[in-house]
Amino acid sequence: MNNIKLIVRRPKSKNFIKQGIFAVLTGLCITGIVFLYLHSPKTDLQKIICVVLFTVFSVAFAFTFTALLNAIRNIFSRPTVILDNEQIEVFRYGKILLSDIKSVSVDESKKTLFLMLKTGESIPIKKSIVNLPLETLGYAVNIRR
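Counting in my numbering, the sequence shown runs from 233 upward without gaps.
The hints are simulated quantities; they were obtained by calculation from the structure and are not laboratory data. On a predicted model such as this, the values are computed, not experimentally measured, just so you know.
The calculated lysine-lysine pairs, modelled on DSS-like cross-linking and capped at a C-alpha distance of 25 Å, are:
1) Lys342 to Lys327
2) Lys237 to Lys358
3) Lys237 to Lys342
4) Lys237 to Lys350
5) Lys359 to Lys237
6) Lys358 to Lys343
7) Lys358 to Lys250
Label-pair restraints from in silico Cβ distances:
8) Arg241 to Ser337: 18 to 28 Å
9) Phe308 to Val256: 16 to 26 Å
10) Ile239 to Leu270: 49 to 59 Å
11) Ser335 to Leu364: 11 to 21 Å
12) Lys274 to Ser360: 44 to 54 Å
13) Asn302 to Tyr371: 31 to 41 Å
14) Phe286 to Arg310: 32 to 42 Å
15) Thr344 to Ile262: 37 to 47 Å
16) Val288 to Lys350: 47 to 57 Å
17) Asn317 to Thr263: 52 to 62 Å
18) Pro365 to Val283: 52 to 62 Å
19) Phe286 to Tyr325: 42 to 52 Å
20) Thr263 to Gly352: 55 to 65 Å
21) Leu364 to Leu329: 21 to 31 Å
Ideal Cβ positions, reconstructed from N, Cα and C, are used throughout, including at glycine.
Whole structure, please, built from the sequences with the hints as guidance.
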């Protein structure tokens with residue numbers, strides 16, 4: 233094998249799409265807030281409408297800005313699976329020695345890879361957190377065991 237370590241990360245293409253959508257929505261919320269701030273209502277009904285719209289835009293801004301920060305953070309995510317010749321490190325499950333793995337299988341829908349340990353524990357790896365086919369990852373684990 234030429235490569236000693238196999239480093240698998242989260243797919244990033246969806247994060248760029250989310251980032252663009254949330255950036256546009258955040259900009260629209262800021263534009264609405266600025267427009268309402270500069271608008272001077274004359275009647276009581278206009279004042280009530282401005283207060284309600286300002287509150288709605290502020291809450292929407294909080295949600296979209298938080299989602300935008302989350303999408304940006306996911307672009308720089310850490311590896312979810314690191315496989316070398318002696319162990320596999322799975323995010324949230326820690327390091328597992330390859331000698332402790334009894335079998336590797338993919339479910340029928342091909343959305344989850346299961347690492348069956350000799351202790352009877354099953355560790356699922358979902359397709360949404362890796363950027364390669366689960367069969368390929370399972371094959372790589374089987375080769376190195």
